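The listed protein sequences correspond, in order, to chains A and D.
If you read the first sequence in the numbering used here, its first letter stands for residue 171, the second for the next number, and so on.
If you read the second sequence in the numbering used here, its first letter stands for residue 171, the second for the next number, and so on.
It should be emphasised that the hints constitute simulated quantities derived from the structure, not laboratory data.
Computed from a predicted structure; not experimentally measured.
Heads up, a few of these hints could be off.
Note that identical chains are pooled: a pair holds if it fits in a single copy or bridges any two copies.
What the hints assert, rightly or not - Quick list of in silico lysine to aspartate or glutamate cross-link-like pairs, EDC-like style, CA-CA up to 16 Å:
| no. | residue 1 | residue 2 |
| --- | --- | --- |
| 1 | Lys237 | Asp296 |
| 2 | Lys236 | Asp221 |
| 3 | Lys236 | Glu215 |
| 4 | Lys237 | Asp198 |
| 5 | Lys237 | Glu215 |
| 6 | Lys291 | Asp223 |
| 7 | Lys236 | Asp296 |
| 8 | Lys180 | Asp198 |
Protein chains: 2
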Amino acid sequence: MFELDLRLRKDSFEVCRFPLSRVLMMNDATYPWFVLVPQREGITEIHGLTDGDQLQLIRESCYLSKKLATIFCADKMNVAALGNVVSQLHIHHIVRYNSDPAWPGPVWGVLPAMPYDEDEKERLLDSLRTVIGRDIEVTA
Amino acid sequence: MFELDLRLRKDSFEVCRFPLSRVLMMNDATYPWFVLVPQREGITEIHGLTDGDQLQLIRESCYLSKKLATIFCADKMNVAALGNVVSQLHIHHIVRYNSDPAWPGPVWGVLPAMPYDEDEKERLLDSLRTVIGRDIEVTA
């Protein structure tokens, strides 16, 4: 039975669900920062997924990454599975700009998270759900 | 015509070639640090690869990651496509230990690279080529 890690739940909002993964938006307005979490119990590494789930993950990851790059006019997407602190497999998808405060370094540990205000968060989630959550390309 | 980025070439050694990607070992003895570079010209994002190449990439990435985790007895694998500095698509595969100097943070920017000594490098590459380079699982 899959359950989302408590720290991920605390630090993010659910955008939508793909066939394999939940799409979360981190509560950090500094960067458009999203996380894919494959809904599989006890998995900590991408290579720990079944072959079929690995293929579905790359489809979902590329679909999300391409959508985010377009929506947010990204200079670069950063896609990463680290998991040194939260072991439940989760793949960061971070929109980067050459003007953002961590550029060109990675974002982790540079600035404390800046929570969204409630209205901004709701507007953004509504808009993202319309664009990301209603496409059939990633359906298994 | 694919050509490896000059900075990647300067900072790494080629281990072997998979059907899609070159496998490089970074010249930094602090961590067992490898990079997959899909041999496709002008690609900067995973989602910029064709659908077929995306599937081949995840196969090669999972194959490499699993082998490295076993060979080096990793506590965790860090797999990341950043590319904020070197834009040619390359995917880091870094073996992490909870005793390494950057743990639990990411490795980038923590310590200057510590070059391998020549003998150690040759021994490691020979050994890796035997274990990683002779498997048919990742053949397209």
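Hint by hint, work out which the structure violates, then give me just those numbers in ascending order.
4, 6, 7
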